[in-house]
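Protein chains in written order, with UniProt numbering: chain B, 1 to 580; chain S, 1 to 580.
Misleading hints may appear alongside valid ones.
[What the hints assert, rightly or not] Taking lysine to any residue and the SDA-like style, the derived pairs with C-alpha atoms no more than 25 Å apart in a straight line are: (1) S:K335 x S:D577; (2) B:K351 x S:D577; (3) B:K351 x S:E579.
Keep in mind the hints are simulated off the structure, nothing from the lab.
There are 2 protein chains.
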Amino acid sequence: MLFSALLILSLHVTRAAALWPRPRSLSTGSSFIRLGDSFEVVAEQGELAKELERRLAKAIARTSRHLQHDRLRRLTPDRGESDRPQVENAPILSRLFLSLNSTVVGTLEDEVVNLYTLDESYSLSVPAATDATSPTASAHLSARTLVGLLRGLETFTQLIYFLPAADDALDGLRYIANVPLRIEDRPAFPYRGFMLDTARNWYPIEDILRTLDTMASTKVNTFHWHITDQQSFPLEIPTFPDLATFGAYSADRIYSTVDVAKVVEYGQDLGIAVMLEVDMPGHTASIANAYPEHIACLDARPWSTYAAEPPAGQLRLGRPDTLAFSKRVLQDAAKLSSSAFFSSGGDEVNKRCYLDDPETSAALESRNSTVDELLDEFVRGLHETLVESNKTPVVWEELVLKHDLSLAKETVVMVWIDSANVRAVADKGHRIIHAASHYFYLDCGAGAWLGRYANGTSWCDPFKTWSKSYSFDPLFNLTREQHELVLGGEALLWSEQAGPETLDSIAWRVWLVLPRSPRAAAAAEVFWTGGSVTEGERSVGEALPRLHDWRYRAVQRGVKAIPLQPHWCALRPGQCDVEL
Amino acid sequence: MLFSALLILSLHVTRAAALWPRPRSLSTGSSFIRLGDSFEVVAEQGELAKELERRLAKAIARTSRHLQHDRLRRLTPDRGESDRPQVENAPILSRLFLSLNSTVVGTLEDEVVNLYTLDESYSLSVPAATDATSPTASAHLSARTLVGLLRGLETFTQLIYFLPAADDALDGLRYIANVPLRIEDRPAFPYRGFMLDTARNWYPIEDILRTLDTMASTKVNTFHWHITDQQSFPLEIPTFPDLATFGAYSADRIYSTVDVAKVVEYGQDLGIAVMLEVDMPGHTASIANAYPEHIACLDARPWSTYAAEPPAGQLRLGRPDTLAFSKRVLQDAAKLSSSAFFSSGGDEVNKRCYLDDPETSAALESRNSTVDELLDEFVRGLHETLVESNKTPVVWEELVLKHDLSLAKETVVMVWIDSANVRAVADKGHRIIHAASHYFYLDCGAGAWLGRYANGTSWCDPFKTWSKSYSFDPLFNLTREQHELVLGGEALLWSEQAGPETLDSIAWRVWLVLPRSPRAAAAAEVFWTGGSVTEGERSVGEALPRLHDWRYRAVQRGVKAIPLQPHWCALRPGQCDVEL
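Hey, can you work out the whole structure from these sequences and the hints?
Here's what the structure looks like:
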C-alpha cells in the first residue's frame, strides 16, 4: 500500500496528458478543473456561428456522447482516488468554445475531398481557474477548417478523466488534470490511413462504421477500402450488376451503392475520406463468375504457378473490350468514393498467367509486344479514366519498380513489399504512401492459412508488435528533397485470416487508428506526430502509458482492443519495462 | 459456374460428417433425412425415464436451442442448394430417443467429480428411412452415464444442416445428410482441458460461461481456472476476505464464492469439471497487498533477478505460519471447485528471491537446509491439505524435475516447458497432463509485452497455428507401459496480452474447445480422438474442412472465432491446399 502511494506521486508528473497521437506541442500546469453538470460545446458568437452550428452539430453531438459515456478513471493503482479532494474543490469548466479562423468556410464534403492539401491544425487551451469577474471558465478550440475542429474535439475528449460520485449519486465527476493546458497541433503527414480487405472475408457495414469511429479517435483520415479481390467481388457496379450478383459470396454479402454511400457519409462527418481500391489486372478471378471472357488463366493449376493465392485468374491484357470494361468499372467505382485518390491496385501481376493463356499469348504475338508493354497500355488506360473522374491514381509498388511502367508523375505509389524500396520509388519522382508489410501488416504472425501445411509458416510472419510499427521511420534513406514525396502511411488488415469476429482485436493493437487492438493506433501516431525512434524523437517507453490510456478509452467506446499488458502494468508505467 | 457444380459432387463424398472432434467410429450412407417440425428429444420409456428426464431437462433444452438457432448451411459454393430436392422429399425424423444403459444412475455432480474414471462413451444412430409400419423415424442415442449422453447430444447437433424455406415461410429445413449413420464414440484420454488465466487481466463471469459452452461443443471436460497470480488475487477466500479485497484489481473484479459456484454449476450441466489453481509458492506477490508478512522479496529490483515477470514476490518457505496460512487458503479454495483434481501450481520458483530475503535466509541457515528442502516441506504440506479435502494434487513440471521434490506418486504433473520433458516425468511414475507451450499456448506469437522493448521478441513466439497444435503426439517417446500415465492435455490462455475483449478470437483458433478461434478446438480433437500425425492416424488436410464446419457453427452460437481461411476456401475443401 505504501508502495502504491509512492508511485502515484510520480505518475502525476509523468502522465501529464495521455493523448494519442501525441500533439506536436503541449504545455501543461499542475491544477485541476472540473466539468460542470451543464458543460456544453458551443460555437463562438459571430457571423460564422450559424454556419458552424449547422455543420458541426453532429460532431458536437458525438463529442457530448463521448463525454457522457467515457468513464475512464486514471490508470493508476488507486484509479484516481487521490485526485478526489482536488477535483471536488476545483474550479468549474462550463463550456468549450469553438471558433473557425477562416474567412472561407467550405463544406465538410469539400474538405474531405481535398484532405491531403487541407490544414488539419488546431489550437486548444484549457484554463486553470476562473477569473475574478466570472464564476466559471471556458476552454477554447480554434482551427482554420472544419476538419481541424474535428481533430481538436477528439483531443479534448481524451483529456477527460472520470471519478464515480462519492455518494452514489446518479453521475460522477469529470475532470481535466494538469491545467492550464495549451495544445498546438498539426499532422506531420497528410495521408494517414487504414486499409481493410473485405473480399477474402466479408464485413458488415456496421463493423466498418465502428472502425471509422476508431480511426477518427486517432486522427487517421483515410479509409482505404480494398473492396474486391480474386475470391469475391462484393461491390455493386451499377453498369454491371452481375459482377456482385455472381461474384459476391452471397446476396447478403454485397456492398450496394447505398451501403458505400453510407460509409462515405459517415466518414465525411468524421473528416475521413474513403479511398476505394478495385485491384486490377491481378486479383480479379471473381470477375469470371459473371464475365469469364475477360479473365485469363482462370483457376489454372497448380494455382501457385499462376497466382499468389488461389484461385488464379487475371484481367486479359491486349484485349480492347476488356480494357473498356475495366475502365467502365473504375468509372462507376470512382463516383462512389470520396477521396481525391483512387487505387487501381496492380500488385502481384503474374506473367505466366498471360503466357499460358491462348488468347493473351496470341495478342502478344500478333502485336509483337511483351507482357509489360501490354500491362503499361492497360494501366495507362485505367488511369486516363480515373483522371477524367477527377481522381489521382494510386498503385502498388510493383507497377513502377518490377514492371517499370511509364506512369504519370502524379501517380501515388504504395510501398508494401519492403520499405527499402521507397527510395527507388522516390527516385522516379512518385509520391509515396507507406504500407510496409514488415511494419504495418496487421494480419501477419498467424502462420500459413493454406491447407495441408502442418507447421506451415507464412512469408509475413512474425506478428508485427505495436512497438515494431511504432519504430517505423517515414523519411529513412530519402534525400532532403524527397521528403515532400512522402504523403504518409497506413496500417493494413488483409482478411485471409481475419473477419468481423476479430476486426477489433486484430487491427487495434497499435496503429493509431485501427481495429484488433492498438497496433493500428501505433501507425496513426507515427504519421501524425512524425519523428523517428532512432533519432530519439519517438520513444516506445514514453508511448506505452499513453497507448494504454487510448486503449482503455477505446474499450469503453465499444472497441474490443486487445490488452497490451497485464492490468497491473497498465496502472504502473515503467514497472513492467524490460531491464537491459 | 460449371466449375462449382463439379466441385459439389466431390464434396458430398468427402464431407460425410463434419464432426469435431472426429468420432472414433463412424459409418454413413448416402440418403437424407429431414427433421420434422415437431422434432423432439425424449427419454425412452422405462423405469429410468423419469430420473433421466429430470436430470437431462437442461441438456435437452440446450440441445433444442442449438437445433433452433444453428442455421448452418453446407459449406459448399451453393451452400447446400443442390441438396434441396432430396431434402424436400426426404423421410421425416421425428425424435431422438435417449437411453441410459446403466443400472446405476448417478448424479451429474457425482459424475463430474469422477470424470477422469468415468465412461464418457456413447452410441448414436440415425436411420435412413421410415419403416413400413410407421410414418416417421427415430434416432437413438445411448450411453452408460449422463455425461456420455451429453457428449452424444453435442454430436447430434453437429450433424444438422439448414436450408432456408424456399417460399420465405417462417422457418427453414433442417436435415442430416449421409444417413443411415452410426457412431460409436469414446475419448482417447480422460482429461481434456482449457486453462484460462484470470489474474493478469480479469474476465467477467459471463465470458467464462460462454467459454464453457464452447468447451462443451468440442467435448473438453475440464476448465482449469488459473484464478490468481502475482499481479492480482481475484478469488474470495472466506477465511481471508482481505486477500481479494486488497489483492483484486478492484471491488468489481472479484470472483466471489457465489460466482465460482455459478461457474461450477454451469460446468456440471455441461459435464465439465472446474479445476482451480492457486499457484504457490511463486506467483503470489498479490497476497502481499493484504498479508505482506508471508511474502519474500516483494517488489525486489531488478524484477528479472527475482521473478519471471513483474512484480517479484513469493510465499516464504520455512515459516510455519505462512505454511498454515497457505494450507488454509487451499482448504477454502478446494471446497469451491468440482474437479477431483486441484492445482497448487509450483512453476517458476525463484531461488534468489529466498536467498536474498533476510527472514527466509535466516531459516535456511538455522535449519541447515537448502531452498529445495524447504520447498519440499512446503509443497508436501499443501498436498496433505488437498488430500484431506479429497483432491488429487496437480503441479507444474518444475517441482518434480528441476527441484526433484519427493511428491506422492498420485501427484499429477502438467508439462509446459517442453514436451520432451514428459518422458522424465513418466520415468518418475507420475501421471501427466500435456500443456506444452510450443503446441498449446494460445497467447504466444504476439511478441514481447514488456515496456521499452522495441522489436522485442518473446520466448514463446511464434504463434501456435491450429495445425501445429493438431500435430501433437500425446504418446511420443513413452514406453508402452507409460501410455496409461497420460491423462490427456489442455490448451492454455495466459492473459498478459489477452482479456475478455479477445478471449473468443485468441482461444478458439484450433483447440477443440477454446476461445480466439478454433485453436483450442484442435487440442480438443487431439485428446478426444487420439492418434498421431506422423503415424497417419491424424491428417491436417482431412481435419480442416471439419474444423471450418465447427468454426462456422461456433460463430452462429455467438463465439467470435477467427476465420481460418478466406470464405472462398472454406466452401471448397482442398482448393486452397499448399502444393508440395
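Hints, verified against the model:
A distance of roughly 50 Å separates the Cα atoms of S:K335 and S:D577; the hinted pair therefore is violated under the 25 Å criterion. Our distance criterion of 25 Å between C-alpha atoms is met by B:K351 and S:D577, whose separation comes to about 22 Å. Between B:K351 and S:E579 the CA atoms are separated by roughly 19 Å; this keeps the pair inside 25 Å, and the hint holds.
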